[in-house]
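Each protein sequence line maps, in turn, to chains H and R.
FYI, in full-length UniProt numbering the residues of the first sequence are 1 to 252.
FYI, in full-length UniProt numbering the residues of the second sequence are 1 to 252.
Certain hints may be false.
Same chains, same names: a pair is fine if it fits in one copy or spans any two.
27 Å max Cα-Cα, derived DSS-like pairs, lysine-lysine [stated by the list, open to error]:
1) K121 x K19
2) K85 x K209
3) K121 x K46
4) K121 x K209
5) K2 x K121
Source of the hints: derived by calculation from the structure; they are not laboratory data.
There are 2 protein chains.
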Amino acid sequence: MKEFADAARGGLSADALEKTLRDVGASRYHNLHPLHHMMTAGLLSKEQLQAWALNRYCYQAMIPRKDAMILARAEDPAFRAAWRKRIEDHDGDDGWNGGIARWLKLATGLGLDRELVASQKGALPATRFAVGAYLSFCTDRSLLEAVASSLTELFSPIIISERVPAMLAKYEFVTEDILEYFRPRPAQASRDADFALAYVLRHADTPEKQQAVIDALVFKCDVLWAMLDALEQAYGDHGHVPPGAFDPRPSQ
Amino acid sequence: MKEFADAARGGLSADALEKTLRDVGASRYHNLHPLHHMMTAGLLSKEQLQAWALNRYCYQAMIPRKDAMILARAEDPAFRAAWRKRIEDHDGDDGWNGGIARWLKLATGLGLDRELVASQKGALPATRFAVGAYLSFCTDRSLLEAVASSLTELFSPIIISERVPAMLAKYEFVTEDILEYFRPRPAQASRDADFALAYVLRHADTPEKQQAVIDALVFKCDVLWAMLDALEQAYGDHGHVPPGAFDPRPSQ
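Okay, chain H solo, but in the shape it has when bound:
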């Protein structure tokens, strides 16, 4: 297990900082989680995929608020103009024709009730706590740390390229249509991650700030990992659903 607690000691060149940030992803991004491996191996039930989509909706629904918080804290109009695209991507023109709406399409395409998903009422408390921690992080920490915490998008084209073909190949009830969410994401994520990475490399100009941005990315990887952990604990083969959460089992 690679540790990053002292990774910036003595200060890093921009190249070395970028390499360290990519190392964080290579050792802690959630494409390494057993549940992701089960998903791409076709080993999840439809109900387990439903639970994934329902819980992940909480994350999707919060992302534009997180980005608005970053926008609210940014003093540079050019930064805001670039960052604002993220909100547009997720909310679309009218709130319901962007990424969030496409995630709902995925969830309903898997057989979930749209109102149940959108209400977030069946989500795991652990999902809500992780998502809330991410929003709090972007509220309470420095703008630089908030930007750095978005850098998991450096790695999202990888996980999407693993997830989408596998889901289409391994689950007969999954169609290209319901996976529409993922179609524009690699290009959007690359554009956003390039911008955020350049910002971080330019502004993390002391060893302390470099360590802070590394820690921010570790934190964000922890958030994504904890969301899959919570799903496995609740809906995995040895799991049990916590009181009040979505329970796909037929009523006894």
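Based on these hints, arrange chain R on the given structure of chain H.
Same frame as chain H, now just chain R:
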């Protein structure tokens, strides 16, 4: 599974509200969690008990900050004087001779390094997110809801009365000395819960406020449940430790 989403519809008498709050505990308090049952049955390993103590420390360490937040929001000096006792119980006279110090004694008595536990560095991210959610709740919600979220203490004498005799009987390495934390807790918790319950019953004087206090107690039960879920997911017999967290297994 008892639901409480509409429990206060139409308004409740004080007696009915108290009964509903006690019903929340009877159906959602973490003495119902499988990991608690395993603990009292003597089925946990020493390493699993270490993970429990190490993670629970994060909660213990945050409690006085949560109570200080409630203190900071309370305008009534008499309320503050009563609530202040909670901080004194946990911090002691000098910060290190109250409940937090006794929890460290439990952790070190189980064989953990004091600095590791106090640093909270080995704690599960999911523990930190749950504990952070509790602190945020007491910061962001109404004072009434913050007070109501403390009402899990109504039920803590039960779980302690189950836990302590079982730990002494079932684990040869557990002594009365290292369980000193729990000795004063039932009396303190009863005193505190009586005060908080009386406050809640007096101030929750509309159906909306009654529903809010019920929801607050459900939320707090979710926090405690999620902490045990996270332990089971990481350290249970089918678990896997997330990157960077305390790993009691001998290095490979």
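Hint check results:
no.: 1; hint: K121 x K19; result: between (40 Å within a copy, 24 Å between copies)
no.: 2; hint: K85 x K209; result: within (26 Å within a copy, 39 Å between copies)
no.: 3; hint: K121 x K46; result: within (20 Å within a copy, 37 Å between copies)
no.: 4; hint: K121 x K209; result: between (38 Å within a copy, 20 Å between copies)
no.: 5; hint: K2 x K121; result: between (37 Å within a copy, 15 Å between copies)
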